[in-house]
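Visitor: Spelled out from the first residue to the last, the chains are:
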Amino acid sequence: MKVLVAVKRVIDYNVKVRVKSDNTDVDLTNVKMAINPFCEIAVEEAVRLKEQGVASEIVVVSMGPKACQEQIRTALALGADRGIQVETEDKLDSLAVAKLLKAVYDEEKPDLVILGKQAIDSDNNQTGQMFAALTGLPQGTFASEVKVADGKVSVTREIDGGLQTVALNLPAVVTTDLRLNEPRYASLPNIMKAKRKPLDVKTPADLGVEVASSVTLLKVEAPAERSAGIKVGSVDELVEKLKNEAKVI
Amino acid sequence: MSILVLAEHDNASLNAATLAVVSAAKAIGGDVDVLVAGEGCGAVAEQAAQVDGVSKVLVADNAAYGHQLAENLSLLITELGKGYSHILAAASTTGKNVLPRVAALLDVDQISDIIAVESADTFKRPIYAGNAIATVQSSAPVKVITVRGTAFDKAAETGGSASVEQVGAAHDAGTSAFVGEELAKSDRPELAAAGIVVSGGRGMGNGENFEILYSLADKLGAAVGASRAAVDAGFVPNDMQVGQTGKIVAPELYVAVGISGAIQHLAGMKESKIIVAINKDEEAPIFQVADYGLVADLFEAVPELTGKV
Ligand SMILES: Cc1cc2nc3c(=O)[nH]c(=O)nc-3n(C[C@H](O)[C@H](O)[C@H](O)COP(=O)(O)OP(=O)(O)OC[C@H]3O[C@@H](n4cnc5c(N)ncnc54)[C@H](O)[C@@H]3O)c2cc1C
Ligand SMILES: Nc1ncnc2c1ncn2[C@@H]1O[C@H](COP(=O)(O)O)[C@@H](O)[C@H]1O
Numbered sequence: 001m002k003v004l005v006a007v008k009r010v011i012d013y014n015v016k017v018r019v020k021s022d023n024t025d026v027d028l029t030n031v032k033m034a035i036n037p038f039c040e041i042a043v044e045e046a047v048r049l050k051e052q053g054v055a056s057e058i059v060v061v062s063m064g065p066k067a068c069q070e071q072i073r074t075a076l077a078l079g080a081d082r083g084i085q086v087e088t089e090d091k092l093d094s095l096a097v098a099k100l101l102k103a104v105y106d107e108e109k110p111d112l113v114i115l116g117k118q119a120i121d122s123d124n125n126q127t128g129q130m131f132a133a134l135t136g137l138p139q140g141t142f143a144s145e146v147k148v149a150d151g152k153v154s155v156t157r158e159i160d161g162g163l164q165t166v167a168l169n170l171p172a173v174v175t176t177d178l179r180l181n182e183p184r185y186a187s188l189p190n191i192m193k194a195k196r197k198p199l200d201v202k203t204p205a206d207l208g209v210e211v212a213s214s215v216t217l218l219k220v221e222a223p224a225e226r227s228a229g230i231k232v233g234s235v236d237e238l239v240e241k242l243k244n245e246a247k248v249i
Numbered sequence: 001m002s003i004l005v006l007a008e009h010d011n012a013s014l015n016a017a018t019l020a021v022v023s024a025a026k027a028i029g030g031d032v033d034v035l036v037a038g039e040g041c042g043a044v045a046e047q048a049a050q051v052d053g054v055s056k057v058l059v060a061d062n063a064a065y066g067h068q069l070a071e072n073l074s075l076l077i078t079e080l081g082k083g084y085s086h087i088l089a090a091a092s093t094t095g096k097n098v099l100p101r102v103a104a105l106l107d108v109d110q111i112s113d114i115i116a117v118e119s120a121d122t123f124k125r126p127i128y129a130g131n132a133i134a135t136v137q138s139s140a141p142v143k144v145i146t147v148r149g150t151a152f153d154k155a156a157e158t159g160g161s162a163s164v165e166q167v168g169a170a171h172d173a174g175t176s177a178f179v180g181e182e183l184a185k186s187d188r189p190e191l192a193a194a195g196i197v198v199s200g201g202r203g204m205g206n207g208e209n210f211e212i213l214y215s216l217a218d219k220l221g222a223a224v225g226a227s228r229a230a231v232d233a234g235f236v237p238n239d240m241q242v243g244q245t246g247k248i249v250a251p252e253l254y255v256a257v258g259i260s261g262a263i264q265h266l267a268g269m270k271e272s273k274i275i276v277a278i279n280k281d282e283e284a285p286i287f288q289v290a291d292y293g294l295v296a297d298l299f300e301a302v303p304e305l306t307g308k309v
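Heads up: the sequence lines are chains A and B, in that order. What the first sequence shows, in full-length UniProt numbering, is residues 1 to 249, in sequence order. What the second sequence shows, in full-length UniProt numbering, is residues 1 to 309, in sequence order.
Just chain B, same shape as in the assembly (with noise of 0.2 Å):
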């Protein structure tokens, strides 16, 4: 057996999201080969020749694949899929939009987002926002399968000495062109990777009232997620949203604060280690998921905790 999994990066750093990818991918057992496509991307292939656990890192590096276009990019995965038993990539943004290409490409069903790895062919995976489990089993000559960060630990991103290897020509499917991104600047810890988490929703009341949360957020080391209420009404973009359709944490501690607690929103954040629940309404579905609920108006008690954390 023998996996290939696609690098998460930004052409400069290798994400974290890729780490986690690769120890689902040792569990699944065989030769874990990395794939770096991108633009002037050398740095990330050193990077991930380090990370332990890796046999060979493969680099693609071409100004078709700078952006990570998912028409260009599942050609080169398609092409140098062929001859492994695994295709993986992290269940972020980049790897749902690309993966499932590569699987239909390859003419096989893609299993999204797995949890757990139970055998080389049969996996856990969540379905109906996190209210069921999954176990599949895929017979497909090769298995396209997309992996949740947060239910891998990462693999140690020293101890590796992987070669690496140039490979694939250049596929340009001519069809699609970036044009340009707005990406969020923050110095706080990314939601994704981060210890804890302080989320806001409708409840906040507005953009600026975030503020409180922020200050919260900077005195616990944290990251600042948010509802989809809380992006819908504008108060915050949408990379912050946690849920069923935004992005899944699982931190260490996780604290919801305005949030009512719908399914969609607890299927990103019930498997945090800690939840923390402040809602005004005690009745407010969060505290049935809550290890400690406080039920109280969030003006007066967020400041508080702020002052005395």
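Looking at chain A on its own, in the form it has when it is part of the complex (with noise of 0.2 Å):
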């Protein structure tokens, strides 16, 4: 079974953002970027089941500028196959990457799709659903538990309610919630090896893709920052100010 594996180059996830004083975006220069969490969740449930002799060959594929081969790179240290990466300056919507994604997946077949549930930059958790759409393939969304047998995969989902378990017929997408695994670290001999995996570059007009948006971005600002508290001495004191300052119980 081939498996298909999409990572976002995101901000490390320990950065605090700082948006810019002319509040057009938020300021990236110099910041320590890294691949998406989930996105490694993801490249980790692939690692799994090839080690299971469940997956035979694992691809990692990337939409954006030529930095994000680092993440193929990372995913490639981390037990994936081969990577390909879609060189585009653009700013990507999730639309566009799924419609990128279907171009990907239409040469190379793969019988089961991995995604991240959401990019914690964007914080947009749609890529998956939509690029699900795109090929008319069954979705398992926010997987804590991921099984293949009998030509389907089973999907146990983190909903608002609890658990949730789907059936999906085979070729299937499933996005990755943090309880799914937890990612092993890359070791050095395999970051080496990583470097000799084959890595493809293809653009967005290669694909036959047009990624344009039909959502503009007209300012980012910060949030409203809360005033500073005090810090009360006793629980009787804090009894108090509940009580009779904030007047909350």
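Derived by calculation from the structure, the hints in this document are not laboratory data. Every value quoted in this text rests on a predicted model; they were computed, and no experiment measured them. Virtual Cβ for every residue (Gly too), placed ideally from N, Cα, C. Hints are all accurate, no fakes.
To spell it out: a stretch of chain A is covered by chain B in this simulated footprint if at least three of its residues, at any positions, have a beta carbon under 8 Å from a beta carbon of chain B; those stretches are:
| # | region |
| --- | --- |
| 1 | 88-99 |
| 2 | 109-120 |
| 3 | 141-148 |
| 4 | 156-164 |
| 5 | 213-226 |
| 6 | 234-248 |
Combine the two chains into a complex, taking the hints into account.
Guide: What follows is the structure, encoded as structure tokens:
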């Protein structure tokens, strides 16, 4: 079985982003970038499927400027077999990514496509579902367990009320939630090996995809800051404040 | 302008999240129709028809929609949605699952998790775990949008008298099947709707220790939440996670116990009116957003607090 994994280059999750003073966007100059944490979980799941003998090949794809090859290399070091970068300087919305991914899917014909549930920069939570719609594939979003058997994939999903399990015909789309697995660290020898793994570069034009967006970013602002509160010295003082000052209990 | 709102429900009753979506729809302006898709969901349709500001309720009652499978539901909404200027759903796991599929089938971008309506085509939404607020404008012919429930007042449950109309063919994509679910059962209020939330983090140490939080919550009539670390460690189930990638809450009072205050956690609770933090580390970042901070061992402070409120 062939598995396709989509990985996004995003700001490192430990970094608190700042808004540019002209309010046009956030400031990403000299900010540490990394593979989106949910995509790392997606790569890990594919690697585990390969270790179980379920998957035979893992192809990892990323759309964006040349720098996103770093994240493809990270995925290769974690165990993916080859990479595809769709090179573009344009800002991509989820629909554009989904269309590019469909073009790659049509060429690669994988049996399972794994994405993160959400990119931690845009916080969109759209791409996997959009890709599934464009290809007509079933989807198991927010997955905390994935089992492949008998031509189907069973996905346990984290939903607001608890957990839900669905059975999907293959090929299928899975988007990862945090509890799906705990990604491994890449070893130094694997990082070295990853440098020699194949990495193809294509453009949206090669794939015949228009990446225009119908959404314009007008302004980016910092959120309202909470004014600093106080430290209370005792439980009694806390109860007194909650009752008489905040009046919330 | 006319707006289609996807009702959130369990085939028995309308979820309060839908009331906030109706308010967002009213802020956009125009007729507001509500789609109730499910199986044996007549009672939900009746309820939706009572909601203030709703013009029409569309009911698609079919086994294919019984479990809100996105593959089926998206085909229905796409068929019905073509005549509307906007299609809205709650930014719940149901809305997030199905709406991007609808957007893709309509070949339009989606705007996720809006917190304000500036005009019929311009909206505000948080990005980067709420560390920035983007104002975005959409030129899409149909605007497909999910709505953050805590950012809008709830429409009144009564006062409306919408007509109820059966619609839609049965769309069964035939690619997915519901197998089962494990739903959390609790007598406490729902996290997203509670006026008071008490949350525990890794500092709780284990699942049994959450009992001391449950006691406090019951005394306060509160819901109980958790940090990702507490969920990952298996102390409590996933549906209790508050944060960027869990549930968003904005109660009158949020009590964070043994939670350090990572940006991903703050993203889910910093719109709360009053925040209390109980943590033994006086340097913990949670104190930077807390109205009242108590530096103390939670195993002493929480039982004492339960005794005194
Ligand atoms: C992609 C991604 C998404 C994420 N999404 C979320 C999310 O949605 N929600 C979320 O919460 N996190 C999320 N996280 C995780 C987040 O970064 C933090 O790791 C997490 O919130 C930490 O949880 P915590 O505060 O309980 O644990 P810790 O950071 O370990 O803090 C425990 C705290 O307990 C205190 N403590 C310990 N013992 C006691 C005691 N006896 N009395 C009093 N205080 C005590 C300590 O001083 C410490 O401050 C996400 C991370 C990533 C990478
Ligand atoms: N530029 C991109 N390149 C590759 N994958 C992406 C890209 N953008 C989004 N994705 C995938 O889609 C998931 C969800 O992203 P989003 O819908 O933007 O929140 C991510 O976790 C990735 O798996």
